[in-house]
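Please take these sequences and the hints and turn them into a complete structure.
Order-wise, the sequence lines are chains A and B.
In terms of this note's numbering, the first sequence opens at residue 1 and continues consecutively.
In terms of this note's numbering, the second sequence opens at residue 1 and continues consecutively.
If you are wondering where the hints come from, they were derived from the structure by calculation, not from laboratory data.
Just so it is clear, the structure is predicted and the values come from calculations on it, not from any experiment.
Incorrect hints may appear among the rest.
[Stated by the list, open to error] Which chain A residues stay away from chain B? Per the calculated CB distances, all over 10 Å, these:
# : residue
1 : Gln158
2 : Val259
3 : Gly327
[As the list claims (entries may be wrong)] Reference excerpt, derived from the structure (chain B facing chain A, CB under 7 Å, subset only):
# : residue
4 : Val330
5 : Ile358
6 : Asp359
7 : Ser368
8 : Leu370
[Said to hold, decoys possible] Pairs of lysine-lysine residues, derived as PhoX-like cross-links and limited to a Cα-Cα distance of at most 25 Å, are as follows:
#  : chain 1 : residue 1 : chain 2 : residue 2
9  : B       : Lys393    : B       : Lys444
10 : A       : Lys290    : B       : Lys325
11 : A       : Lys396    : B       : Lys351
Built from N, CA and C at the ideal position, the CB exists for glycine as well.
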Amino acid sequence: MTATTPAPQTGVLQRASRFLAGQLRQIGLFIALIVIVVFFEVATQGITLKPINVSNLVVQNSYILILAIGMVMVIIAGHIDLSVGSVVAFTGAMAGVMITKWGIPWPVAAVLCLVLGALIGCWQGFWIAYFKIPAFIVTLAGMLTFRGLTQITLQNQQISPFPDGFRAIGSGFLPDLGGGVSFVEPLTIVLGVLSAVALIAAGIRGRLVRRRYNVEDEPMPWFVAKTAFTTVLILLVAFLLASYRGTPIVLIILAVLVVAYSAVMARSVFGRHIYAIGGNLNAAALSGVKTQRVTFLLFVNMGVLSALAGLVFTAQLNLANPKAGDGFELDAIAAVFIGGAAVTGGIGRVTGAIIGGLIIGILNNGMSILGVGTEFQSLIKGLVLLAAVAFDVYNKRRSGK
Amino acid sequence: MLADNILEMRSITKSFPGVLALRDVSIDVERGSIHAICGENGAGKSTLMKVLSGVYPHGSYDGEIVFDGESVAFKNINDSEDAGVVIIHQELALSPYLSIAENIFLGNERSRFGFIDWNRTNREAAELLQRVGLNDNPITRISELGVGKQQLVEIAKALSKKVKLLILDEPTAALNDSDSEHLLDLLRQLQKQGITSIIISHKLNEIKAIADAVTIIRDGRNIETLEMDELLGEDRIIRGMVGRDLESRFPDHEPHIGAELLRIEDWTVHHPIDHDRVVVREANLTVREGEIVGIAGLMGAGRTELAMSVFGHSYGVGISGRVLKRGVEVKTNTVSAAIKAGIAYATEDRKRYGLNLIDDIRHNISASALTSLARMGWVNESREVVVAESYRKSMNIKAPTVEAVTGKLSGGNQQKVVLSKWMYANPDVLILDEPTRGIDVGAKYEIYGIINRLADEGKGVIVISSELPELMGICDRIYTLSEGRITAELSREDATAERLMQHMTQEREKDHL
Numbered sequence: 001m002t003a004t005t006p007a008p009q010t011g012v013l014q015r016a017s018r019f020l021a022g023q024l025r026q027i028g029l030f031i032a033l034i035v036i037v038v039f040f041e042v043a044t045q046g047i048t049l050k051p052i053n054v055s056n057l058v059v060q061n062s063y064i065l066i067l068a069i070g071m072v073m074v075i076i077a078g079h080i081d082l083s084v085g086s087v088v089a090f091t092g093a094m095a096g097v098m099i100t101k102w103g104i105p106w107p108v109a110a111v112l113c114l115v116l117g118a119l120i121g122c123w124q125g126f127w128i129a130y131f132k133i134p135a136f137i138v139t140l141a142g143m144l145t146f147r148g149l150t151q152i153t154l155q156n157q158q159i160s161p162f163p164d165g166f167r168a169i170g171s172g173f174l175p176d177l178g179g180g181v182s183f184v185e186p187l188t189i190v191l192g193v194l195s196a197v198a199l200i201a202a203g204i205r206g207r208l209v210r211r212r213y214n215v216e217d218e219p220m221p222w223f224v225a226k227t228a229f230t231t232v233l234i235l236l237v238a239f240l241l242a243s244y245r246g247t248p249i250v251l252i253i254l255a256v257l258v259v260a261y262s263a264v265m266a267r268s269v270f271g272r273h274i275y276a277i278g279g280n281l282n283a284a285a286l287s288g289v290k291t292q293r294v295t296f297l298l299f300v301n302m303g304v305l306s307a308l309a310g311l312v313f314t315a316q317l318n319l320a321n322p323k324a325g326d327g328f329e330l331d332a333i334a335a336v337f338i339g340g341a342a343v344t345g346g347i348g349r350v351t352g353a354i355i356g357g358l359i360i361g362i363l364n365n366g367m368s369i370l371g372v373g374t375e376f377q378s379l380i381k382g383l384v385l386l387a388a389v390a391f392d393v394y395n396k397r398r399s400g401k
Numbered sequence: 001m002l003a004d005n006i007l008e009m010r011s012i013t014k015s016f017p018g019v020l021a022l023r024d025v026s027i028d029v030e031r032g033s034i035h036a037i038c039g040e041n042g043a044g045k046s047t048l049m050k051v052l053s054g055v056y057p058h059g060s061y062d063g064e065i066v067f068d069g070e071s072v073a074f075k076n077i078n079d080s081e082d083a084g085v086v087i088i089h090q091e092l093a094l095s096p097y098l099s100i101a102e103n104i105f106l107g108n109e110r111s112r113f114g115f116i117d118w119n120r121t122n123r124e125a126a127e128l129l130q131r132v133g134l135n136d137n138p139i140t141r142i143s144e145l146g147v148g149k150q151q152l153v154e155i156a157k158a159l160s161k162k163v164k165l166l167i168l169d170e171p172t173a174a175l176n177d178s179d180s181e182h183l184l185d186l187l188r189q190l191q192k193q194g195i196t197s198i199i200i201s202h203k204l205n206e207i208k209a210i211a212d213a214v215t216i217i218r219d220g221r222n223i224e225t226l227e228m229d230e231l232l233g234e235d236r237i238i239r240g241m242v243g244r245d246l247e248s249r250f251p252d253h254e255p256h257i258g259a260e261l262l263r264i265e266d267w268t269v270h271h272p273i274d275h276d277r278v279v280v281r282e283a284n285l286t287v288r289e290g291e292i293v294g295i296a297g298l299m300g301a302g303r304t305e306l307a308m309s310v311f312g313h314s315y316g317v318g319i320s321g322r323v324l325k326r327g328v329e330v331k332t333n334t335v336s337a338a339i340k341a342g343i344a345y346a347t348e349d350r351k352r353y354g355l356n357l358i359d360d361i362r363h364n365i366s367a368s369a370l371t372s373l374a375r376m377g378w379v380n381e382s383r384e385v386v387v388a389e390s391y392r393k394s395m396n397i398k399a400p401t402v403e404a405v406t407g408k409l410s411g412g413n414q415q416k417v418v419l420s421k422w423m424y425a426n427p428d429v430l431i432l433d434e435p436t437r438g439i440d441v442g443a444k445y446e447i448y449g450i451i452n453r454l455a456d457e458g459k460g461v462i463v464i465s466s467e468l469p470e471l472m473g474i475c476d477r478i479y480t481l482s483e484g485r486i487t488a489e490l491s492r493e494d495a496t497a498e499r500l501m502q503h504m505t506q507e508r509e510k511d512h513l
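Spelled out as structure tokens, the structure:
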């Protein structure tokens with residue numbers, strides 16, 4: 001009775017293949033991203049990976065990626081948020097009114113917009129968490145409500161222009177330390193190298209810890225290949241950005257969010273509770289998880305991130321527009337599901353949502369360069385989403401056998 | 001000798017992977033009689049009825065069924081219903097937002113050219129309702145009816161199918177006294193109209209009142225069929241139900257019982273939907289340090305409801321009463337308050353309420369005490385792995401690493417994960433609801449060992465179980481629960497199966513006399 005059973009000893013190859021089978025979803029996602037990039041690089045005769053285009057890709061997708069971070073958390077918990085596009089528009093409109101009509105300094109206005117986002121999240125979170133109305137309904141109502149409030153706020157007029165400082169949030173770059181004379185911008189290269197080093201260090205440290213506790217099942221060659229690949233990727237992007245105008249400010253915002261929220265989801269009590277709620281709500285409640293409070297905070301968080309996306313979007317376009325953010329919710333939701341989140345909740349990752357968002361962004365960008373009409377863009381994005389989820393379902397069924 | 005039997009089931013044997021559910025069971029039911037089947041939970045009653053009604057199709061069992069003079073081979077429920085065998089399950093199968101009439105003819109619609117003939121539907125429904133003594137309008141929605149009336153609608157539905165043999169599985173388990181009385185009257189009336197009934201019931205006074213014969217099933221075998229007469233006492237039936245050898249293996253345990261740990265006083269709980277129904281009535285119980293206390297009760301007695309209402313008011317409304325820890329009243333009105341008060345509850349349904357099946361062992365074990373692994377809201381994952389790993393070893397959870405997904409573990413190993421979760425929360429009192437349900441014999445033995453270990457650490461353990469031998473084998477003291485009331489408290493020495501069963505089937509009326 002007391003003898004412990006040793007872990008079954010299997011061959012190295014067998015173990016490696018079993019590990020890779022478990023990672024199939026993430027590998028598939030990465031391969032899909034690469035295939036799409038290579039395809040467009042060839043099809044656009046090299047325009048896709050031109051420094052200016054890579055810079056644009058980052059800048060023009062940043063607000064969808066910010067939304068996707070909040071959305072993946074909501075979807076992991078088993079909910080949905082249809083209102084984010086309208087919240088983007090409303091906070092953008094309020095930023096416009098505060099800065100240009102009321103003369104509030106833009107940093108103060110930006111903070112007030114984030115607070116407004118939190119209040120919107122409180123409002124929706126209350127109905128969902130404590131009043132028990134399905135999130136689909138509450139946020140559908142929110143989608144209409146906040147679109148209406150946007151139009152009322154702007155009196156159906158556009159607001160423009162914004163002060164330079166504010167615009168930098170969306171379209172600014174970190175200062176060029178090369179003084180504009182060097183071949184590549186040095187700060188960006190330094191940041192790229194630093195993040196690559198940080199990534200390698202974190203990977204090795206995690207691996208050592210996991211080995212110490214005997215839970216490491218990732219084969220060494222795979223770890224090396226994966227790390228080398230991401231390092232090269234980071235350095236390549238850094239080089240391309242440095243060849244243009246350097247590091248976009250939104251990329252810094254985005255990087256901070258990705259690192260912070262990945263940690264929250266993987267290691268914080270709050271993040272764990274989100275997975276627990278999405279995996280089995282009843283079991284979570286009976287384990288003492290305060291399910292209502294977690295759900296409430298989740299929507300507050302989504303509101304803040306929507307407001308941030310609204311600021312970035314408004315700053316980038318230098319325009320507060322009653323129609324802003326239309327359809328953003330669908331792009332964000334699609335990014336999350338392409339990124340491997342489960343429709344039933346409990347499964348999903350921030351990095352997955354980011355890659356999903358990049359896939360959509362590159363599809364948009366590549367097809368625009370190729371002059372594909374919006375009707376075909378929509379058609380192709382729809383099929384990609386369906387294919388991604390179908391692959392998931394098929395994969396799950398196969399592994400279930 | 002030449003009885004006119006409407007049904008003869010001969011040598012029915014049915015096995016599931018690893019389990020022999022029915023062994024050579026034979027049963028004869030006389031035409032026009034009311035035949036009761038009784039036995040403990042899990043004895044095989046429902047399996048037998050599923051064989052009869054074609055839920056388990058012909059070919060998936062051995063033996064022969066002769067119905068109405070012919071050997072039959074039902075492939076599904078439709079076959080058996082066409083022949084006139086209708087089963088009414090314990091969980092009623094009505095569609096709540098359709099009308100009475102629509103439900104009665106569901107799948108059997110009164111139609112012309114593909115369109116529902118509403119006049120005929122409602123007229124015939126009204127006639128059927130009259131036959132079962134229900135005065136409601138046939139266009140009333142099912143959700144507006146109480147459970148008792150819904151039961152009658154089920155019977156009306158059965159009548160619409162020209163039923164010859166009506167099978168009722170625990171028909172009065174969810175009914176109050178007057179509804180039960182009405183239902184039994186109805187069965188007698190149907191009997192006069194020539195309809196034979198088989199009734200599965202735990203309630204011995206009901207069986208005495210209504211049945212012509214009773215077949216007792218135990219451990220998948222039919223023990224005996226008794227003709228009912230005035231002389232047949234309930235004791236006689238009870239003896240048949242429990243009379244198995246009690247040599248099942250339990251680890252030896254010397255209890256070291258200390259001071260009182262938990263006291264539940266005047267605990268009353270009402271049903272969450274039917275607010276007038278009392279599910280637990282003025283229950284009082286205590287647990288002492290190092291003591292293993294059993295709660296015995298038949299299905300529907302209120303065992304789980306009692307436990308879950310104490311654990312963070314997770315079940316029921318209108319809850320009143322007091323919970324005292326070491327003599328001091330504690331709050332248990334939310335799950336986290338109950339956990340903080342040192343109470344843990346491991347559910348009877350681990351898949352639905354116990355585990356996050358898509359997550360791994362480690363995260364499941366840490367789920368209820370995650371904050372103790374965290375500083376400033378950040379989980380110390382290294383320590384989490386160490387903790388999970390130590391439970392994997394000490395509880396002998398059979399999985400290669402603690403990162404194995406719990407959904408892929410066997411029932412016994414899943415149960416060990418649930419127990420680990422609650423042990424790590426380090427409560428003073430653990431309520432274990434059916435801790436060995438759906439677990440093989442070897443794993444059961446291990447679970448009993450774990451329960452003993454918990455008691456030796458000075459914790460109070462409450463074990464809820466349907467298996468009397470299990471309770472008698474591991475508990476120091478056993479409470480019996482019947483219809484939401486605690487009917488007796490028996491020490492280990494006094495707790496015989498017969499006595500327990502007597503108190504478990506004890507009716508309210510007797511108590512008030």
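Structure-based check of each hint:
1. The Cβ of Gln158/A sits about 42 Å from the closest Cβ of chain B, beyond the 10 Å cut-off, so the non-interface label holds.
2. The claim that Val259/A is not at the interface with chain B holds, since no C-beta of that chain comes within 10 Å of its own (minimum 14 Å).
3. For Gly327/A, the shortest C-beta to C-beta distance to chain B comes to about 31 Å, beyond the 10 Å cut-off, and the non-interface label holds.
4. Hint status for Val330/B relative to chain A: violated, with the closest Cβ pair at about 15 Å, above 7 Å.
5. A distance limit of 7 Å between C-beta atoms decides the matter here; for Ile358/B the minimum to chain A is near 5 Å, and the interface restraint holds.
6. Checking Asp359/B against chain A: minimum C-beta separation of about 5 Å stays under 7 Å; hint holds.
7. Using the Cβ-Cβ criterion of 7 Å, the hint placing Ser368/B at the interface with chain A is satisfied: the shortest such distance is roughly 4 Å.
8. Below 7 Å, beta-carbon pairs count as interface contacts, and Leu370/B has one with chain A at about 5 Å; its hint therefore holds.
9. Restraint check: the Cα-Cα separation between Lys393/B and Lys444/B comes to about 17 Å, which is no more than 25 Å; the hinted pair holds.
10. For the proposed pair Lys290/A and Lys325/B, the alpha carbon gap of about 23 Å is at most 25 Å, so the pair holds.
11. Between Lys396/A and Lys351/B the CA atoms are separated by roughly 19 Å; this keeps the pair inside 25 Å, and the hint holds.
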